[in-house]
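Protein chains: 2
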Amino acid sequence: MYEILKTVNGPADVKKLNANELEMLAHDIREALFNRLTQIGGHCGPNFGIVETEIAMHYVFNSPYDKFVFDVSHQSYPHKMLTGRRNGYIDSACFKEDSGYTNPVESEHDWFNVGHTSTSISLATGLAKARDLKGGKENVIALIGDGSLTGGEALEGLDFAGSELKSNFIVIVNDNQQFIAEGHCGIYYHLEELRRTKGTAANNFFKSLGLDYIYEENGNDIQALIKTFQKVKDINHPIVVHICTQKGKGFKLAEENREVWHWSLPFDRETGKYKVSFPAETYTSLTAEYIVNKAAKDKDFVVITPAMPMTAGLNQELRQKLGDQYVDVGIAEEHAVAMASGIARAGGKSLLVTNSTFMQRTYDQISQDVCINGNPVTILLNYVSFDGLTDVTHLGIFAVAAFSNIPNLVILAPTSKEEYLNMLDWSVEQKKHPVMILIPGNAVTSRVADKEYNQLNRFKIEQIGEKVAILALGDFYQRGEELAAHIKAELGFVPTLINPRYASGIDEKMLNDLRQNHQMVITLEDGILDGGFGQKVASFYGDKNMKVKNYGLKKEFYDRYNPEELLKQLGMTTEQIIADIKREC
Amino acid sequence: MYEILKTVNGPADVKKLNANELEMLAHDIREALFNRLTQIGGHCGPNFGIVETEIAMHYVFNSPYDKFVFDVSHQSYPHKMLTGRRNGYIDSACFKEDSGYTNPVESEHDWFNVGHTSTSISLATGLAKARDLKGGKENVIALIGDGSLTGGEALEGLDFAGSELKSNFIVIVNDNQQFIAEGHCGIYYHLEELRRTKGTAANNFFKSLGLDYIYEENGNDIQALIKTFQKVKDINHPIVVHICTQKGKGFKLAEENREVWHWSLPFDRETGKYKVSFPAETYTSLTAEYIVNKAAKDKDFVVITPAMPMTAGLNQELRQKLGDQYVDVGIAEEHAVAMASGIARAGGKSLLVTNSTFMQRTYDQISQDVCINGNPVTILLNYVSFDGLTDVTHLGIFAVAAFSNIPNLVILAPTSKEEYLNMLDWSVEQKKHPVMILIPGNAVTSRVADKEYNQLNRFKIEQIGEKVAILALGDFYQRGEELAAHIKAELGFVPTLINPRYASGIDEKMLNDLRQNHQMVITLEDGILDGGFGQKVASFYGDKNMKVKNYGLKKEFYDRYNPEELLKQLGMTTEQIIADIKREC
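Residue numbers (our numbering), protein chains in the order written: chain A, 81 to 665; chain B, 81 to 665.
One or more of the hints may lead you astray.
In this list, chains with the same sequence are indistinguishable; a pair is considered to hold if it fits within one copy or across any two.
[Said to hold, decoys possible] Under the rule of at most 20 Å between Cα atoms (straight-line distance), these lysine to any residue pairs were calculated in the SDA-like manner: (1) K353 <-> K401; (2) K540 <-> Q558; (3) K589 <-> A282; (4) K629 <-> T653; (5) K624 <-> G651; (6) K287 <-> T277; (7) K634 <-> R538; (8) K214 <-> D378; (9) K307 <-> L102; (10) K624 <-> A659; (11) K287 <-> R276; (12) K86 <-> S172; (13) K374 <-> Q649; (14) K540 <-> R527; (15) K307 <-> D292; (16) K627 <-> Q596; (17) K634 <-> K648; (18) K214 <-> E509; (19) K624 <-> Q656; (20) K547 <-> Q596.
No wet-lab data here; the hints were simulated from the structure.
Throw the hints in and build the complete structure from the sequences for me.
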């Protein structure tokens, strides 16, 4: 098992292998991929498809002298195995040592810690520019593809590299005929044209931007790749190497259904069945159901996603049902937001959905294209909670701090099924406000909720009490309930429990009223404190007689943490908060 | 004077004119441009060059049934004059009625309030999508060019439109051979190729993305434009109309120096001399001087700007001096930030400079490409102050709220010449932190300042006092000085005056120490309160015995306001604050 892979402790060992051994190495790597992915999940199809490419890269170039930059770095597993990190794949005791993304802390062969798309070309131009200033001679290579080419940052990078860099720069475009989901965009149809003509089409996107171009159709053939890479090694100008690979190569299920197997949870190798199961009703299933029903009833309603339909539960079947009322713009968040604004401006009802962390890519479009114009776009964010995605590059804990300080944007933080669906429907129907809704990360719970939310920043008192008022926002509402119960049991009084509902503003009237029979206000939020909800409350009470204690996460890039452990470290468990209250009251 | 222009109250009146009258109309519009621009300044070259295009657009299409979207909308003055708003140009008493950008509040012919680049195509795709859902037949036309094509949002939009829109969509690319500054990128060299071949080059960027394409070389010839626009009117698929215009057409100085006359202050029509003058030493001149000296001494130092060299005082002469140590990436902020990160990662010293408002376009790259990686990039932001740019699309008042809550980013707010230059030099030399420096908007003042800033969030006490502590951040430091003097004179005690220096964190030790002999802390900041500096202070003191009063702007899209009037409205004048203190102390 892993016979050849075990001989490889670094790129030098790859170079020693003959053609046959290199093939065996590819086989070992795929077995190692199966070993890790079936047990802990991760990016599946992208890594199965890129095995030969990364073997050939390490065979031809000299990392870390030559510098590799991996786009998203979700297809860097083979590279990691080839650079001393195979244990993170072959030994389950070591899985945690490997982040699943490139990471300079792990290895000198990794130049950046990345996890968002479309960044590799621009980052690599920086490495090339620094090399040129210092008079270096190393190759700088960006590996991009698998859907990333539609992102504005990648297009800006190509546009720059094509004319402004006058030195060695190699962009490997991994053309695996696949977006994350099914969406297409101009550039992907163009890649088809280039494939059809074996790279000879007169019309060539890359050349039009001033880049040199070479085509390699056998992207899963190590020897062919070695020859191609040898041709471009030490080249004195920027060039695109267009390689065609099979996404999911060597894993039949992933070859056959590229979308589903792009990323996976732990699964059974034979059947492909996930080893974990979900409740029948989740906020994701509720979202999908709402969308499909709404679209059927209302022809002005349109859903837009930058390649993240699954985050709204929109599988291939549902998307087909939606027809023209569904738009996947590819990985192009900026375009998605501006387009949604245009639709709203012309009287359409646009609902945009993606993961919280990716919405950061379009901060300015939310501010300028949407909010200055007051266009009634609804933006649905998934994975906002601190216990959703815990990779440093995918944290949702910054969403409220990032977006709640943009004027005109109403951010809603629902706390139950009824509240979520009512907010969603209100938002889609109203014509006055841009709205962002934080999809709950908790299990679905049920509670009566208001139908409309026109009066902004109107908090809701869910339990009237005294002395202490708990403002428990969004996914932390249930923790607020628990805290209230413990206060009653342990401290002998009933505190007031408030569901703020709005994360982007405060209910000044209610906060003023609380002063009558409360001496302490506690804010609980599922995100960083800096720039968030609680600090607005603290500022309001700053010159008044009210103790305020803000509970939330620190402004830090946490990475792969245990959520409950983190709360304990931060003094946010129910017991710890009770102790704080005892000191004050 | 303005004989024909005065007959035009809307597009219908344009359609009545014969060829000769249309020429006279163009003449009138240019006179009106001179009238406004010489008196109050604005976008100069872009509007002189686009006169014929917008006349022909209104002649051929039927606005507002047909929908025009203007990129940046800095070249929409002729359009505005043709849609009932000539008084904003011919009558100085009415200048203020016209914002200089498209604005739906002003006219039904304007679809969006915009001021940032590269947004028109995506916004227009939204109008087109809504039209298709509703079964409409109108033309949707985006007018872009003059440097905007390099922005990621525009490239994403073209990529989408080229393949996903299957209906009428017209993108007019105004090719005036000019960036904002001199920078080039692949796409602009490509436009040259298309001009050289009169649009017949086999290699065609737009076609490679799936767009149809038509070329019109006489972009300042009304009749030629009319014929071309008639050809594409009611077309049933997306098409790019590539027109060649002369930037600054009809204003000799602007034709000759396109960069300088892109935007201008009030000027003398004959000599081109500005009617206002500047002190010899400004923070801009200090920036330019620092950059040039540093570059000469240190070959690892490189300045990057997304088409905004003038905001760092880098004129053509200085840029030439900088040579390879200067990079203008074009309007491509995302690429600029990622490239700066790459340079820093490889040991270079990268300094990025632009206007505060444009940095919003690259929020995610600052967070992911720079800050997660901890790469020591220095970002210089100009026009951060509330009394700098007051157009709603160009406000700097959101900078601290937007960026100070990104982990690892150190934001410095200097308050004097010495402090600014020391911070700049410290930042460029240190290797541990991504740093953002807010260039002061005040007149240059002098005061002794520390040389190094390694100990983060260490505030500086500039005057030791009692009872009240004033934390006066950045450009509001001088207001803090004034307030301190008034407190002494009017209230009879000496308050403590603190220069926080760091806008991204608080000095917990100092804040704790203040509790000994202070009962009130006042924070003054030159930006919105929500998510900003003062709220962090309020949160810190929330559960302690200290009154905190945060002074700053509201979370609002202010537009073309009088700065001092605004402060008064917000209760932020020295007199008003003194009154607040009297109530508390």
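### Query
For this structure, which hints from the list above don't hold up?
1, 3 and 13
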